[in-house]
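Colleague: Spelled out, the chains give:
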Amino acid sequence: MADPMKIRAQMKGDVAEVRVLMAHAMETGQRKDNAGNLVPAHFIQQVTVEVGGKLVIQGQTGTSVSRNPVFAFKVKGAKAGDKVVVNWVDNKGDKRTDEAAIAA
Amino acid sequence: MRIALILAVATATAAALPIPGWAQAKAAARKPPPPAAAPKAEEKDAATLEFEKFRAEMEDSNPAELFEAKGEELWKARRGPRNVSLAESCDLGLGVGVVKGAYVQTPRHYPDAGAVMDAERRIVWCMVEKQGFNFDDIAKRPFASDTHTPDITSLVTYVAAQSKNMKLAVPLDDPKVREAYEIGKEIAAYRAGPYDFSCNTCHGADGKRIRMQALPNISTPQGALRGVQGWPGYRMTGGVMLTHQWRMGDCFRQQRFPQPKYASDAVAYLLTYLIGTANGLEYKGPGIKR
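Line by line, the protein sequences are chains V and F. If you're matching positions, the first sequence starts at 1413 in this note's numbering and goes up one per residue. If you're matching positions, the second sequence starts at 54 in this note's numbering and goes up one per residue.
Don't take every hint at face value.
[To be verified] Here are the simulated DSS-like cross-link-like pairs (lysine-lysine), alpha carbons at most 25 angstroms apart as the crow flies:
{"no.": "1", "chain 1": "V", "residue 1": "Lys-1418", "chain 2": "V", "residue 2": "Lys-1507"}
{"no.": "2", "chain 1": "F", "residue 1": "Lys-217", "chain 2": "V", "residue 2": "Lys-1418"}
{"no.": "3", "chain 1": "F", "residue 1": "Lys-129", "chain 2": "V", "residue 2": "Lys-1418"}
{"no.": "4", "chain 1": "F", "residue 1": "Lys-106", "chain 2": "V", "residue 2": "Lys-1418"}
{"no.": "5", "chain 1": "V", "residue 1": "Lys-1418", "chain 2": "F", "residue 2": "Lys-153"}
{"no.": "6", "chain 1": "V", "residue 1": "Lys-1418", "chain 2": "V", "residue 2": "Lys-1488"}
{"no.": "7", "chain 1": "V", "residue 1": "Lys-1495", "chain 2": "V", "residue 2": "Lys-1424"}
{"no.": "8", "chain 1": "V", "residue 1": "Lys-1418", "chain 2": "F", "residue 2": "Lys-337"}
{"no.": "9", "chain 1": "F", "residue 1": "Lys-106", "chain 2": "V", "residue 2": "Lys-1424"}
{"no.": "10", "chain 1": "F", "residue 1": "Lys-342", "chain 2": "V", "residue 2": "Lys-1418"}
{"no.": "11", "chain 1": "F", "residue 1": "Lys-106", "chain 2": "V", "residue 2": "Lys-1486"}
{"no.": "12", "chain 1": "F", "residue 1": "Lys-129", "chain 2": "F", "residue 2": "Lys-217"}
{"no.": "13", "chain 1": "F", "residue 1": "Lys-193", "chain 2": "V", "residue 2": "Lys-1444"}
Derived by calculation from the structure, the hints in this document are not laboratory data.
Model the full structure from these sequences, guided by the hints.
Modeller: Encoded structure:
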């Protein structure tokens, strides 16, 4: 199973600042290992973020995203205590969902 | 004691012979010209500043946290042939299971092991002696590669993170640690290999650099701190988590020295010198590297 994400969410004025750190190999499928064989592509394909039960981001990601990626974004209309739920699915069908509450 | 010393014997004995005066002579020679230090400040050009900005941004969400979380899990889990956890068996120097502040107080001398050990070496010792793991299995692939991060790396990251923003306090009053410090100092000054390099060739004077990288002078507390800060560190190139032990080994590689044996005396002594020199300064926890 995939390793947990690290989610930090904090109110900055009336905007919530959310940072998500994901543990993922993000293999592009272009890289070769020491033996010269192609390392099969393995990357996060879909990311969704819900804040306070509302879907705020539905994104498609590809191989240009780095290994162990960090996503940061700002959400209007959120308030302290709201639950942030982040979910990703990769091209092999692995998935992971984590959540955190927005700090004041 | 399987955690043995191979390189240590060679370097320590060889270094003990001709060098001692060398380090002092160098230190004395360095004193007079303050102008050498002055242009260094100006050298912080636009590129360096941009780089620092980038690094600060990255530090805010350091993937090292992922390894820290994994390491915490491993620290608390019952593992190995004896099915015990490190949390209930491993004494990093402050008592069994105590991790808070342990990292900044290593290397130290452990009477139960009869050796001076840095944090990583001590954790390996615990894994072998308490949990029953085989040392050779750990030493076979001790450092992270692009496809594999060994448990020990995550464990060290976790332990190091529990010393975030604490002052380095290697117990140099302990005569055994002091001895290790002195040997480490000699290892740093020991010139050999096809290029006749020592650690001090690049890291023994102010104002040196390789390409864009300014090199710290490890004979000064601030310089030594720069060799300590950020380790263990997440290296953005390749996205791997690497430990201080790895860094020392990589220095030897760059000098075209033979690789020191994993978790050996030589590396522990060198780390005692490096971290001990930075004693009293603040350690910021696991870092991020270019």
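Colleague: Run through the hints listed earlier and report the numbers of any the structure violates, in increasing order.
Modeller: none
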